[in-house]
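S.K.: Chain by chain, the residues run as shown.
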Amino acid sequence: MKNTKARNASGYMFLTPWLIGFFLLAIGPILVSLYLSFTRYDMVGDPRWTGLDNYIYMFTRDRRFWKTLEVTFHYVVFAVPLRLIMALGVAMLLDKGLRTIGLYRAIFYLPSLLGASIAIAILWRQLFSIDGVVNQVLAVFGIQGVGWITNPQTSIYTLIVLAIWQFGAPMLIFLAGLRGIPKDLYEAADIDGTSRLRKFYAITLPMLAPVVFFNLVLQIIEAFKIFSPAFIISNGTGGPADSLLVYTVYLFNEAFKFFRMGYASALAWVLLVIIGLFTAIAFATSKYWVHYENERD
Amino acid sequence: MAVSRRKFLTTTGGLALAAGLPSMPAFAQDRSIRHFWWGNPERDKRTFEVIEIFDKNHPGISVSGETIGWGDYWTKMATQTAGRNMADLVQMDYRFLFEYVRRGALQELDPFIGNGLDLSNFDKGPLQGGMVDGKLYALNIGSNSQVFVYNEAIFEEAGIADTDVINWTWDQFADVCKTITEATDGKVKGSDDCSVVLEVCEVWIRQNGSSFFGPDGDVTVTPDIIADYWQFWHDLREAGVLRSADKSLDANLPMSDVGIVAGDTAISNFWSNQIVGVQALMQDPVGAAMVPHKDGGAPGQFIKPSMFMSLTRDSEDPEAAIMYMNDWINNPEATKVLGLERGIPANPDVRAALAPDFTPAEKVSVDYFNAIQDKVGPLPPPEPKGAGEVRDAFIRAGTDVVLGYTKPQQAAEVFVDDAQAIIDRAR
Amino acid sequence: MNATEAALAETELEAERDEAARVAHEYRLAKNKRERRSRLFKHIFLIIFSFIMLYPLLWLLASSLKPENEIFGSLGLWPSTFNWSNYTEGWEALPVSFTVFYRNSTIVTVLCVLGNLFSCSFAAYAFARLEFTGKRLFFGLMMMTLMIPYHVVLIPQYVMFLKLGWVDTYLPLIVPRFLASDGFFIFLMVQFFRQIPRELDEAAQIDGCSAFKIYWAVILPLSLPALATSAIFSMIWVWEDFLAPLIYLNDIKNYTVPLALRLFIDQEGQSAFGQMFAMSVLSLVPVVIFFVAFQKLIVRGIATSGMK
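Residue numbers (numbering that gives the first Met the number 0), protein chains in the order written: chain X, 0 to 296; chain G, 0 to 426; chain A, 0 to 307.
Certain hints may be false.
[Claimed, not checked] Facing chain X, a subset of chain G residues (Cβ under 10 Å, in silico):
#1 A81
#2 A104
#3 Q106
#4 S243
#5 L248
#6 P253
#7 D256
#8 R312
#9 P383
#10 G387
#11 D399
#12 Y404
#13 K406
#14 Q408
#15 I422
#16 A425
Bear in mind the hints are in silico, worked out from the structure with no lab data behind them.
Note that CB positions come from ideal geometry on N, CA and C, so glycine has one too.
The following block holds chain X by itself, in its conformation from the complex (with noise of 0.2 Å):
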């Protein structure tokens, strides 16, 4: 009883700053958030309570609503695997000791650096314009381009591109991850001439899951999220024939450019549920695939 007592100081104790910054900062605008998707919020007057109206707006008749879930969905079911399969491939590569290679990993976190900058909104519609250097690139191998941004059928892949070229933040995470991983283990396994599939197999990904798990969820929070790229990218429009209407875009521009906060806010909860779904998926699943070093649960 007491030794319970005493863990509960020393954790709270820790806990002290987050404590506080939850229960004075962050939990009242969450809950004002919710109590708005109940009302029709126009943000200058006061809001008014609709009851379940924009949630029965939102499913039965929001065309919208559909299409950026689609658009959504498209995005991180290429994006997330691809940037985390780059990440972790550039981080591997980046984890052997070449003399050069904090060079290599500043010139490969460059990208990710000018993250959502105008300058990157510019110079992403021109790469991919109809003259561009991506299609006189692939003019060189006969391919005939097409305006990959403004076709409503290519666009979202530019935005996939994009996320995977800005793959700096989880390399980083990984390498971190990487140096973690005792040298011995591997050095034990090369006397044992294990093949290098079988080592990245039996030790790197092993040992490396936490980091492994830790980026897969973070990458989906942020790809469910995903917003400045796409809204640079499209000027704030959602792109041609919606096709880059990803959900906080679509979200973003019903709060402050058609002054429906109470809308948003409803459109806000329903990501939160999306994103939670998917996040306790990748927990649950955790138990199979991620251990921790001498951790007995």
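With the hints as your guide, set chains G and A onto chain X.
M.R.: This is chains G and A only, laid out in the frame that chain X set:
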């Protein structure tokens, strides 16, 4: 451990306090007002200069200038509105004016006219643009109109430099597009495709004697007129004299991506206060043409305020704010600094005082403005709530037509229904 | 065991040892050769790959040197004339000099990075290593804060900070960082902390170390790569953060660098793209320096930890 926590917290607080300090005003003044506008480096410089002039002339009042680019302006404005913390004076756009007025975010200016706000020398036409339901809510600080900007060098090259671009018709426009495309071997197309540009479509609608919204805010345009509009562009597109379809699906292109600036076309649509900006991005000289007329039709174009200044609901010192507003339009010191940057001023004395210092591009826009005065129609009635969303719906419908997913007639019928549904939902 | 047997055993052992050494030597030679060849391939691959990754920066550099009317319309990377004035004039082009924006950004960034590292490692330690009632619930809530789209809490949060009188100060940007507002870093550190062998804590506990001592003397030093990664991310993200400064800072004298960059662009009218690009390039410099300096720690951290 307790010590370390306390220490941690006090350091945090101390640092946070220190960080908060730089923004405290150095010394308190009796009265202060805030002015918020969207800008660019040139506009910001001029506006801050005006603020300095005002501060100098009114020692008891301090003005704090707040500025950000257009794209972010409305996000910040909405947030401040929700927080009931709007600046005293905000820059307003015609598109958003009605949304803000109808939601009660702005104050009426009528009580101040002749009572701090001197409008005796102000053109009556431009003043009307800031009225909603018979009351003045926004002061015009520059006017503009629709314009087709064209590349003079290419017109010359194609041998059509003498086209009467003020009085031309849609047929002549189509011919010009063909001539240019042929003269440049298709390297430069005649014009941008305006299928998704509601501003040009609106001109077309008015030329046909209709209007997009009726006085009560309902959609009054018939599908046939819009279908004709889309059919006109469709035919030109088929003839291969327009910018490629996949570059014609965005009505909100950054200026740098528009056909004439990118070198893809010889004609692009703009607002007339953008002429100077377009010229800055181009090497060839540009000229200003009216949106082509319908043969025997009504005037389609109109002169509208390009920017307003409005007094907000949250202003705590409206009198000081009105003093500042008044200086903006009447104090020669201030108007000289402001120049044409925000559009053509509505005070004839101000225009006359500015004339000698015009740059070539400024001259183009002023000449254009003078030339169209008697060829424009009245300002359309104020837009209803939801008009912004209708504009987006128009872009989506136009996109489907451009890409050949739907036929003009069918798309127009669906769009008109959708537009009315959007208006109904916004009520 | 007699002497002869012992001697025999010794020789056998020696022979075995020699054999092992020979095998090891051959193995090392072969390995070196293989490694040298694969290193060459790796370098070639890396160089091509680097160009693709560098292209945007080259483009940005080129655009920052081009005259305004050449940035669009011409596809070539090489400017016709080198227009350094974008840099010199861009620095002073806005009503407030970039010197001020850099000072503001530096204040905010330094404080936020420190705040993130302290508060998030505190919370992560609690989640990863300590047992207390409600841990799972709080962890779930923490993850929830990661999932909610920021735009819908923007307005309630703004109203809250407005009531506190914090609008147009840096407090709304900095204080949340000292209160572990960014679940990303908590979760990241939790994952790394959980990898540290528990025997270390237990040994320290037996030695009478307090929970704080274990956090400070065992967990933190062994988590240098995670801390360095967190420092890099929080530095970059805070430095580039745009939305919060946009909402909370009003006076242009308080603007941060990313906010200032937005002042160059006016979609509807005149913009100064060249100057904006030039200032964008300069705004990358502190981030790159920070990155290069701190990414070294990702290596060193593990090298010194030498887990046993």
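S.K.: Which of the listed hints are not met by the structure?
M.R.: Structure breaks hints 3, 9, 13, 14 and 15.
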